[in-house]
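Full structure from sequences and hints, please.
In order, the protein sequences belong to chains A and B.
The first sequence lines up with residues 0 to 469 when you count with numbering that gives the first Met the number 0.
The second sequence lines up with residues 0 to 469 when you count with numbering that gives the first Met the number 0.
Calculated from the structure, these hints are not laboratory results.
The C-beta atom is built at its ideal place from N, Cα and C for all residues, glycine as well.
Some hints here could point you the wrong way.
[Said to hold, decoys possible] Here are the simulated distance ranges between beta carbons: (1) T79/A - P438/B: 58 to 64 Å; (2) F27/B - H400/A: 55 to 61 Å; (3) Y416/B - A62/A: 36 to 42 Å; (4) G251/A - A60/B: 54 to 60 Å; (5) R436/A - Y416/B: 47 to 53 Å.
[As the list claims (entries may be wrong)] Output of the computed footprint for chain A on chain B, the stretches with three or more beta carbons under 8 Å from beta carbons of chain A: (6) 153-161; (7) 326-332.
Number of protein chains: 2
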Amino acid sequence: MATHLSLALFTDLYELTMAASYFQHRMFAPATFSLFVRTLPPQRGFLVAAGLADVVHFLEAFAFSADDLAFLRRTGRFQTDFLDYLAELRFTGEVYALPEGCLCFPPTPLLEITAPIIEAQLIETFVLNAVHLQTLIASKAARCLAAAQGRMLVDFSLRRTHGIDAGLKVARASYLAGFDGTSNVLAGKLYGVPFYGTMAHSFIQSFDDEEAAFRAYADTFPAETALLIDTYNTVTGAERAARVGQSLQQRGYRLRGVRLDSGDLFALSQQTRRILDAAGLTDTRIYVSGGLTEHEIARLVAGGAPIDVFGVGTDMGVSGDAPALDMAYKLVEYAGRPRLKLSSQKVSLLGKKQVFRLTDEKGCYQGDYLGLRSDSPDEVARAADISPERVTPLLTKVMEHGRLLHPLPSLDESRQYFLAEFARFPQAYKALRAPLRYPVHLTPTLERFQHEAEAQLRARYGPATPQEHP
Amino acid sequence: MATHLSLALFTDLYELTMAASYFQHRMFAPATFSLFVRTLPPQRGFLVAAGLADVVHFLEAFAFSADDLAFLRRTGRFQTDFLDYLAELRFTGEVYALPEGCLCFPPTPLLEITAPIIEAQLIETFVLNAVHLQTLIASKAARCLAAAQGRMLVDFSLRRTHGIDAGLKVARASYLAGFDGTSNVLAGKLYGVPFYGTMAHSFIQSFDDEEAAFRAYADTFPAETALLIDTYNTVTGAERAARVGQSLQQRGYRLRGVRLDSGDLFALSQQTRRILDAAGLTDTRIYVSGGLTEHEIARLVAGGAPIDVFGVGTDMGVSGDAPALDMAYKLVEYAGRPRLKLSSQKVSLLGKKQVFRLTDEKGCYQGDYLGLRSDSPDEVARAADISPERVTPLLTKVMEHGRLLHPLPSLDESRQYFLAEFARFPQAYKALRAPLRYPVHLTPTLERFQHEAEAQLRARYGPATPQEHP
Numbered sequence: 000m001a002t003h004l005s006l007a008l009f010t011d012l013y014e015l016t017m018a019a020s021y022f023q024h025r026m027f028a029p030a031t032f033s034l035f036v037r038t039l040p041p042q043r044g045f046l047v048a049a050g051l052a053d054v055v056h057f058l059e060a061f062a063f064s065a066d067d068l069a070f071l072r073r074t075g076r077f078q079t080d081f082l083d084y085l086a087e088l089r090f091t092g093e094v095y096a097l098p099e100g101c102l103c104f105p106p107t108p109l110l111e112i113t114a115p116i117i118e119a120q121l122i123e124t125f126v127l128n129a130v131h132l133q134t135l136i137a138s139k140a141a142r143c144l145a146a147a148q149g150r151m152l153v154d155f156s157l158r159r160t161h162g163i164d165a166g167l168k169v170a171r172a173s174y175l176a177g178f179d180g181t182s183n184v185l186a187g188k189l190y191g192v193p194f195y196g197t198m199a200h201s202f203i204q205s206f207d208d209e210e211a212a213f214r215a216y217a218d219t220f221p222a223e224t225a226l227l228i229d230t231y232n233t234v235t236g237a238e239r240a241a242r243v244g245q246s247l248q249q250r251g252y253r254l255r256g257v258r259l260d261s262g263d264l265f266a267l268s269q270q271t272r273r274i275l276d277a278a279g280l281t282d283t284r285i286y287v288s289g290g291l292t293e294h295e296i297a298r299l300v301a302g303g304a305p306i307d308v309f310g311v312g313t314d315m316g317v318s319g320d321a322p323a324l325d326m327a328y329k330l331v332e333y334a335g336r337p338r339l340k341l342s343s344q345k346v347s348l349l350g351k352k353q354v355f356r357l358t359d360e361k362g363c364y365q366g367d368y369l370g371l372r373s374d375s376p377d378e379v380a381r382a383a384d385i386s387p388e389r390v391t392p393l394l395t396k397v398m399e400h401g402r403l404l405h406p407l408p409s410l411d412e413s414r415q416y417f418l419a420e421f422a423r424f425p426q427a428y429k430a431l432r433a434p435l436r437y438p439v440h441l442t443p444t445l446e447r448f449q450h451e452a453e454a455q456l457r458a459r460y461g462p463a464t465p466q467e468h469p
Numbered sequence: 000m001a002t003h004l005s006l007a008l009f010t011d012l013y014e015l016t017m018a019a020s021y022f023q024h025r026m027f028a029p030a031t032f033s034l035f036v037r038t039l040p041p042q043r044g045f046l047v048a049a050g051l052a053d054v055v056h057f058l059e060a061f062a063f064s065a066d067d068l069a070f071l072r073r074t075g076r077f078q079t080d081f082l083d084y085l086a087e088l089r090f091t092g093e094v095y096a097l098p099e100g101c102l103c104f105p106p107t108p109l110l111e112i113t114a115p116i117i118e119a120q121l122i123e124t125f126v127l128n129a130v131h132l133q134t135l136i137a138s139k140a141a142r143c144l145a146a147a148q149g150r151m152l153v154d155f156s157l158r159r160t161h162g163i164d165a166g167l168k169v170a171r172a173s174y175l176a177g178f179d180g181t182s183n184v185l186a187g188k189l190y191g192v193p194f195y196g197t198m199a200h201s202f203i204q205s206f207d208d209e210e211a212a213f214r215a216y217a218d219t220f221p222a223e224t225a226l227l228i229d230t231y232n233t234v235t236g237a238e239r240a241a242r243v244g245q246s247l248q249q250r251g252y253r254l255r256g257v258r259l260d261s262g263d264l265f266a267l268s269q270q271t272r273r274i275l276d277a278a279g280l281t282d283t284r285i286y287v288s289g290g291l292t293e294h295e296i297a298r299l300v301a302g303g304a305p306i307d308v309f310g311v312g313t314d315m316g317v318s319g320d321a322p323a324l325d326m327a328y329k330l331v332e333y334a335g336r337p338r339l340k341l342s343s344q345k346v347s348l349l350g351k352k353q354v355f356r357l358t359d360e361k362g363c364y365q366g367d368y369l370g371l372r373s374d375s376p377d378e379v380a381r382a383a384d385i386s387p388e389r390v391t392p393l394l395t396k397v398m399e400h401g402r403l404l405h406p407l408p409s410l411d412e413s414r415q416y417f418l419a420e421f422a423r424f425p426q427a428y429k430a431l432r433a434p435l436r437y438p439v440h441l442t443p444t445l446e447r448f449q450h451e452a453e454a455q456l457r458a459r460y461g462p463a464t465p466q467e468h469p
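This is the structure:
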């Protein structure tokens, strides 16, 4: 989408008014903003970073079009010299980021951007929006993956995602986090995500007879038939599907699958399996769909329901239990000095940072240290009393002087990276309810730095506003 | 967005495979699909229909591009004659719809589309997605409107809406449902929604001193200054803002507003009001923001907090309490005969329908009758025992033969229509918690029609699958 519509105005107005004031006061020093999530939603144990590719594409293409500038001029709010400045403005900064698919834990930054303050400020809204959406969805999808225990997962959410862009990004982010594919054909075209489909109830209803509908579909797609069997009565639907499956077998094909979309999926999948097996259709797969959540998937899997594929829709596609993350993009340094907001419990961690991941001798995650970018893995290893090769810094420089340093991994590479990392992430942290809290420590240097900066600011401004909920 | 990217592939794969099978079996008869919400989310009393403009633009432009067709060909799933057919395919059907801004109540259809079944099927995913998002958001925004009791409301959600399209549509739908504007500049450009802004904490932090930051901003925008006062300490922030406001007054300007973004908004808005008033800044407005919900707005308004403007963010922009609606697009008639799915509790109402709204002698809403399109207002008036001029049919034909019949109302016209209707909608149905349930009856003709069709289908298919939760 980003390539078809000028997105420089995809911004909150205040970014532009602040920029105008920075410009008037000749404030062009570098600023560092840190993008992070303050706290996890209830019952959540981890996040999966995603959205970096969109950020990079946006920053590389960042420019106000002539049409954008004409619009801003017509508002009467901005001076000509500022608009002339905007006309030439490009993103020239540097970006440190977690790779897509990286597991992360508040308050770890997913991204830190350093650029002249006007640039770093103007891009805030888009960058937050892009990272928020895909991180939200990848994190939710990974819970489904944990629940499905190796069963196939397909994104069926397109009709109820929040708009066009979300429809595409949900397909992408859920695939990144281990889904096998999507129903979304355009995501297949744009991102190469595998796409799947069966049929809708309307197809069955448009024929005079359920079995006639099954046979008609099998006639069109003999090698790829999956039949929806719950339009009238799931058990008789399964029996009719079995007959169609046997006819397909006689013609040298096999019935790929049947889908259940309503009712007691546990009991009905068992009855359906028995009917298919009795007809010799032991390799016909059972798909289920219809209001699935990670909890429902876990329940069905734990009970041993003979389900091969879960079609996961709305609850994943809107992250139903937590449709937003408390994600922020905060100034942490300007003109070489740490910057801090004191009000509320929302104090940010200062300075340019690095995240260090510690693993045990088997490669399993042990905990993270959040430190300053100037901290070395060796120092962290000493502080944690483990050997330096078990400490990995996670934020890497992806852009410099506004240019990508190395090509980004492909979506499939990011997916493989995520799957490998998720396997090293201990089970207790992945629990769907009341997960164990993954340990995130501050390095001694960050702790000291933060403490001194807060003390300095409090000395200047006095105590912060008392809070409603202390 | 729709104009920049071919959206024919913004669809679930099964729409295309079903279409291929309809095509192979020469099924070109007209089908009617009904788009409706099955049940309201918990604590909700109404919906506000929205998204029709997007649907119309999509249907008017509906066509597979050469690139789309080449992609489909490469998948190897489709026959050449079907792809040739798709190349020529345009939407030629008719659309009945509620106007944007219309209050509606499940299971009333928001839209009914009649077209050759392939057309009516292929457009399902986009149509649902578009109507779902904007109806979801307009319905949520209207609750904020009910809560705000005349205070100004501004959409601040852009950074956490689900993607680019949602960012734009949230600004549009919330404005439709009575918001005064948005922070989203691109929505201002594309939809003409008024846009507003103040400043972020980063602006304050980037100066060495809070008052210096205030003065710098006032210097750039003397006629439009609104200052964020909670970066360090809200009370001292208010005092500093008051001094800057007095300087502005001496220069012939006035300080437009101050914004509170954290803390006890009730107490702090009162303290801030006293400080501003004491400085003679009685017309400086108080904006508040920071995690607002309709319930928090109602609490602040009920307590008489001196707040002039609510900046409503994430919770509105993702419809936090109900991030999806149980919206469906169901076949109700094919080739002149009613069609029905029997499984589950999800039985749809059959046939082409009409919604009749009944009002009392003051013009206030009294209840709806859902009937067949062939029902007349006179019959409904007789059934309800009221005079015919108090019965209004709501679904109107907006497209015929694939063409718009009359220009759609402008966004501002739809907003005025919504505001007038919302005023006629009794308070008890608008309650934010446990609202009274608005009565929706079926007309005797629809009831009879439905009963006969169900009986017929059950005679043919036997009892439906027993349900998990009877």
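Quick rundown of the hints versus the structure:
A beta carbon spacing of about 60 Å between T79/A and P438/B agrees with the range 58 to 64 Å that was offered as a hint. In this structure, F27/B and H400/A meet the distance hint of 55 to 61 Å, their C-beta atoms being roughly 59 Å apart. Y416/B and A62/A have their C-beta atoms about 39 Å apart, which keeps the hinted 36 to 42 Å range intact. Distance hint check: the CB atoms of G251/A and A60/B are about 43 Å apart, inconsistent with the given range 54 to 60 Å.
Taking 47 to 53 Å as the suggested C-beta distance range, the pair R436/A and Y416/B conforms, at roughly 51 Å. Counting residues of the stretch 153-161 of chain B whose CB lies closer than 8 Å to any CB of chain A gives 6, so the stated coverage by that chain holds, three being the minimum. With 4 residues carrying a beta carbon less than 8 Å from a beta carbon of chain A, the stretch 326-332 of chain B meets the three-residue requirement, and the given coverage holds.
Of the hints listed earlier, the one the structure fails to meet is number 4.
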